[in-house]
Amino acid sequence: MLDSYTQALRRDIRSGIGVVEWNLLWRKWKFNNESVISIFRKTAAKNADKIAIKAVDQNWTFRHLDQFSNKIANYFVSIGLKSGDEVALMMNNKPEFIGIWLGLAKSFYRLLDNYSKNSLDVYHKRNFNDPLVYIFTSGTTGGKPKAAIETDARVLVGVSGHYIGFKVRKNDNFYVPLPFYHAFGGVLIFGVYIGETCRYLLSQPPKPEDNKHSIRAMCGIGLRKEFWNQFKTRFAIKHIYEFYGASEANVYLVDSVTYEPIRNRKGLCKMIRPGEIGVIVGLHNKISPIHEFKGYTDREQTNKKWIFNVRSVGDLGFMSGDLVEMDKFGYMYFKDRIGDTFRWKGENVSTTDVEAVLQNYLNLKDCTVFGVSVGQCEGKAGMAVINANSDDIDLQQLAQQLTNRLPSYAIPLFIKLTTNIEVTGSFKLIKYKLQNIGYTPQSSDDLIYIFDKNLNNYKLMTNETATLIFSEVYLRLKRCELSNESVISLFRQTVRKNGHKIAIKFNEQNWTFTRLDQFSNKIANYFLSMGLKSGDEVALMMDNKPEFIGIWLDSVNVLDKQNFKDTLLYVYTSGTTGGKIKATIQTNGRFIGGLIAFATICGIKKNDNIYVSQPLYHAFGGCLGAGFCLISGNTITIANKFSASQFWHNCIKYECTIALYIGEMCRYLLSQPSKPEDTQHSIRLMCGIGLRKEYWKLFKSRFSIKRIVEFYGASEGNCILVNIDNKEGSCGFIPYYYGPFLRLFYTGYLIRVDPITGEPVRNRKGLCKWIKPGGIGVFVAEHQKNNVMKDFLGYTVEEDRQKKLIHNIRSFGDSGFMSGDLMEMNRFGYIYFTDRMGDTFRWKGENVSTTDVEAVLQTYISLKDCTVFGVSVGQCEGKAGMAVINANSDDIDLQQLAQQLIKRLPSYAIPLFMKLTTDIEVTVLVSLLVANAAALLLNINRWVGLGSAVGLILYIVFYYWQSLRLFLLTFPRDMRSLSHTTPNL
1 MLDSYTQALR
11 RDIRSGIGVV
21 EWNLLWRKWK
31 FNNESVISIF
41 RKTAAKNADK
51 IAIKAVDQNW
61 TFRHLDQFSN
71 KIANYFVSIG
81 LKSGDEVALM
91 MNNKPEFIGI
101 WLGLAKSFYR
111 LLDNYSKNSL
121 DVYHKRNFND
131 PLVYIFTSGT
141 TGGKPKAAIE
151 TDARVLVGVS
161 GHYIGFKVRK
171 NDNFYVPLPF
181 YHAFGGVLIF
191 GVYIGETCRY
201 LLSQPPKPED
211 NKHSIRAMCG
221 IGLRKEFWNQ
231 FKTRFAIKHI
241 YEFYGASEAN
251 VYLVDSVTYE
261 PIRNRKGLCK
271 MIRPGEIGVI
281 VGLHNKISPI
291 HEFKGYTDRE
301 QTNKKWIFNV
311 RSVGDLGFMS
321 GDLVEMDKFG
331 YMYFKDRIGD
341 TFRWKGENVS
351 TTDVEAVLQN
361 YLNLKDCTVF
371 GVSVGQCEGK
381 AGMAVINANS
391 DDIDLQQLAQ
401 QLTNRLPSYA
411 IPLFIKLTTN
421 IEVTGSFKLI
431 KYKLQNIGYT
441 PQSSDDLIYI
451 FDKNLNNYKL
461 MTNETATLIF
471 SEVYLRLKRC
481 ELSNESVISL
491 FRQTVRKNGH
501 KIAIKFNEQN
511 WTFTRLDQFS
521 NKIANYFLSM
531 GLKSGDEVAL
541 MMDNKPEFIG
551 IWLDSVNVLD
561 KQNFKDTLLY
571 VYTSGTTGGK
581 IKATIQTNGR
591 FIGGLIAFAT
601 ICGIKKNDNI
611 YVSQPLYHAF
621 GGCLGAGFCL
631 ISGNTITIAN
641 KFSASQFWHN
651 CIKYECTIAL
661 YIGEMCRYLL
671 SQPSKPEDTQ
681 HSIRLMCGIG
691 LRKEYWKLFK
701 SRFSIKRIVE
711 FYGASEGNCI
721 LVNIDNKEGS
731 CGFIPYYYGP
741 FLRLFYTGYL
751 IRVDPITGEP
761 VRNRKGLCKW
771 IKPGGIGVFV
781 AEHQKNNVMK
791 DFLGYTVEED
801 RQKKLIHNIR
811 SFGDSGFMSG
821 DLMEMNRFGY
831 IYFTDRMGDT
841 FRWKGENVST
851 TDVEAVLQTY
861 ISLKDCTVFG
871 VSVGQCEGKA
881 GMAVINANSD
891 DIDLQQLAQQ
901 LIKRLPSYAI
911 PLFMKLTTDI
921 EVTVLVSLLV
931 ANAAALLLNI
941 NRWVGLGSAV
951 GLILYIVFYY
961 WQSLRLFLLT
971 FPRDMRSLSH
981 TTPNL
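Note that full-length UniProt numbering gives residue 509 to position 509 of the sequence shown, counting from 1, and the numbers run on in steps of one.
It is worth saying that the hints were derived from the structure and are not from the lab. Every value quoted in this text rests on a predicted model; they were computed, and no experiment measured them. Quick reminder that beta carbons are idealized off the backbone N, C-alpha and C, glycines included. Warning: the hint list may mix true and false statements.
[As the list claims (entries may be wrong)] Distance ranges between label pairs, derived from CB positions:
| no. | residue 1 | residue 2 | range |
| --- | --- | --- | --- |
| 1 | Asn285 | Lys459 | 48 to 58 Å |
| 2 | Gly775 | Asn808 | 18 to 28 Å |
| 3 | Ser15 | Lys459 | 49 to 59 Å |
| 4 | Lys453 | Gly775 | 19 to 29 Å |
| 5 | Met530 | Gly775 | 47 to 57 Å |
| 6 | Asn285 | Ser701 | 46 to 56 Å |
| 7 | Asp891 | Asn457 | 49 to 59 Å |
| 8 | Asn457 | Ile287 | 54 to 64 Å |
| 9 | Glu422 | Ser203 | 14 to 24 Å |
| 10 | Tyr860 | Tyr572 | 31 to 41 Å |
| 11 | Lys459 | Ile164 | 49 to 59 Å |
[As the list claims (entries may be wrong)] Calculated lysine-lysine pairs in the DSS-like style (CA-CA distance at most 27 Å, straight line):
| no. | residue 1 | residue 2 |
| --- | --- | --- |
| 12 | Lys225 | Lys46 |
| 13 | Lys225 | Lys238 |
| 14 | Lys212 | Lys365 |
| 15 | Lys459 | Lys345 |
| 16 | Lys565 | Lys497 |
| 17 | Lys286 | Lys270 |
Sequences are here, hints too, so could you generate the full structure?
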């Protein structure tokens, strides 16, 4: 114990002497009004031929560095650079980096006759307190990196302090592997390590070079206590100079528990005592350059760091956000960042402590720990992300290690294994990006495990586990129902919270929430003056623009008070498969419920900007897209219309982070020529319907999309399926084993249907038969009248609604919405869209899936538009296949196409007819209008009646001759023969 006190006393005496020496030095510089440039000029004059920088195959002397920087300075002055101008320097580590920023600092000098000369005349002398450079913070914990202001004084005082404190000798040669654009490598110049680099060194296999070097000391930040002795021993390092600092300020201590300063009766901050944990605060002293908090170029960010009344009333300090512990000898130990410490089960969890335990077991693999919100639970549960594959780690042993070494509340609830952890240039893990994603996989290769305390082991998160988590959707919706919320009431809350935030971006317009609210109020008042009242119906026909959302919001705003269950609006179906387009009923509750579900499942953040290229009069754009803005308070960017060539350009221009899609759009994007914009965007997630399995990997890979949330739903439907875990090609899941709890959330089923009539197949009792894994069935959603999300409201015409209802599904008397969509379920409960019932036809006694045939066709025809359907042919039973392709006859080699179809399809599925045309009609959602195509394509009697006039028809039809195995052009006589053809066709 006495030795410890003696050691601490020697430390304090030595430090005191160093501080005196340091203060005398920088105060002399201040008195002489020195700058970095003036000190460097003296250094260069004394050591002209000494090597200043060693790089790969290069040795730069001080003279070389001085002359190079002079040339740079003269050049910048020649192009008009003047005091106060800002220049960004983006360059990898090389001697030129230091030379250029020195040259920029020298640009306050007068230009000589030739800027390439090696010297310059003094025109303006830099001052001790002049701003010298901006150093950006690394931004590992979220938010944008901020530019910290570094003056000549701060750089000189900081470097001299470390020079004295670390006992630097004139003949020392510093190895700098850290980026020069970071404060540690670019300003301090002599930096050797950052904690993560030490861990990487330890993770390397031992080799003789480990202790054959001449390194006598290492200085840096972030070397963890648990690696300290191991590092010193293995690499034979005599001295390690660990220090603490931030680009913004220096340090002092106050106590902190709740992350707000604890104050005494006088309102001043309390100092911590030995053994306690507190937050580091740097007292602001304008006289001292090292203690003056210059902050950032952004004053708003600077103001967030201020703390008042620290030691005396009226003083100021910089609150670092770093938690440290002080022992009884005054030694400080870094614990955590405030944002990295989270609270779970009423206890504070230090991410640093958990990471230390993990890395001890993981053989120094990359890992990071943070807190994530889970449903309505108070606080945040721990989540660990590890850079490893499942084969690399025994999770049972890991769980045992964590149980032995951590309190139960600190054991991570989730563990994610991935091979894609992003780091900064200084090897810090970019934690906030992982935290934003949470326990949702980024890619199909990511695995998420959840800790089962009963088994004391981690188990793979299944759909069933995820369903328990998403009970949050049910609870949030229930609160809205009990509060009788409406879209208008929630929008008003959004406006109060985010009045000045941008709500809608459109071309060069930016509409704030306040502007949108004011616009809607004006329109509402106008409609009231016209006599509009509750129950009236208004049709809105308008292209995509902010006014669209404002006007429909206004129309609702007319009503004095809307209730949760009141009708909000009608949304028309797209009508791609024929029949009249029907108006579906959308209530406030359904609108709100859909938004809550998607916002929760997709992990929508408040700062997300959502790109909406779908028409606002469609449910997808007008309800989902607009709803994120109105209810969630997100910024949305509206496109005039979908454009494949401008899609990524717009996402980049408007800084979008999420994009909505419909499957055909993805195919159009893939058909575009590759360009740099494909991966220069910030889209982290795409949400939509209809992305085919065969394009999934290609789409994600080409456009660098980390996560796709594919879902299944209908405008009129009362149940949705969602692919929550990036499962390739799946449109959602149904838990195969239905527990009582899960029945609260899943009321969708797959039932067997007759392949010819499309009617449900029933058991002996008359109830519907469910399909088993591996089978194909029709999706049915149970109708529950008093449940806002499960009530099948259908359409404005009751007759249309009744046509969609089936009865006696699971029990007598129940009913449900029959979607008409065929789905396949695998053994894990994942659902894959197969076809529309109307799009599947029967030929030669076999069922033909139009979706499967279209997929094979599009593989060969390079993603051109095509559609497949069945057509009646003479007296033949069933329907023959016909394909319509958006192409000219010169674009396609039909012989090769026939060979492809033969190889990849059974004979009955090969289209009998092939039509080439350049006029396929599509909806605005780029869905092909199959009904119109089928009606126009093949009426045998009409063809025969036209006789020789058939040549006027503006398209070409080919017939597949099975004996020749190729497609041949059809003529009127061929069509006449087909009208009397036999079933042998």
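A quick look at each hint next to the structure:
1. Asn285 x Lys459: 48 to 58 Å: With Cβ atoms ~55 Å apart, the hint holds.
2. Gly775 x Asn808: 18 to 28 Å: holds (20 Å)
3. Ser15 x Lys459: 49 to 59 Å: holds (52 Å)
4. Lys453 x Gly775: 19 to 29 Å: violated (37 Å)
5. Met530 x Gly775: 47 to 57 Å: 56 Å Cβ-Cβ, so the 47 to 57 Å window holds.
6. Asn285 x Ser701: 46 to 56 Å: Roughly 54 Å apart at Cβ, these two residues keep to the hinted range, so it holds.
7. Asp891 x Asn457: 49 to 59 Å: holds (58 Å)
8. Asn457 x Ile287: 54 to 64 Å: holds (60 Å)
9. Glu422 x Ser203: 14 to 24 Å: holds (18 Å)
10. Tyr860 x Tyr572: 31 to 41 Å: With Cβ atoms ~35 Å apart, the hint holds.
11. Lys459 x Ile164: 49 to 59 Å: holds (56 Å)
12. Lys225 x Lys46: Since the Cα atoms of Lys225 and Lys46 sit roughly 41 Å apart, the hinted pair is violated (cutoff 27 Å).
13. Lys225 x Lys238: Status holds; Cα separation ~16 Å.
14. Lys212 x Lys365: Holds, because 26 Å separates the two Cα atoms, which is no more than 27 Å.
15. Lys459 x Lys345: holds (21 Å)
16. Lys565 x Lys497: holds (25 Å)
17. Lys286 x Lys270: Judged against 27 Å, a Cα distance of about 23 Å means the pair holds.
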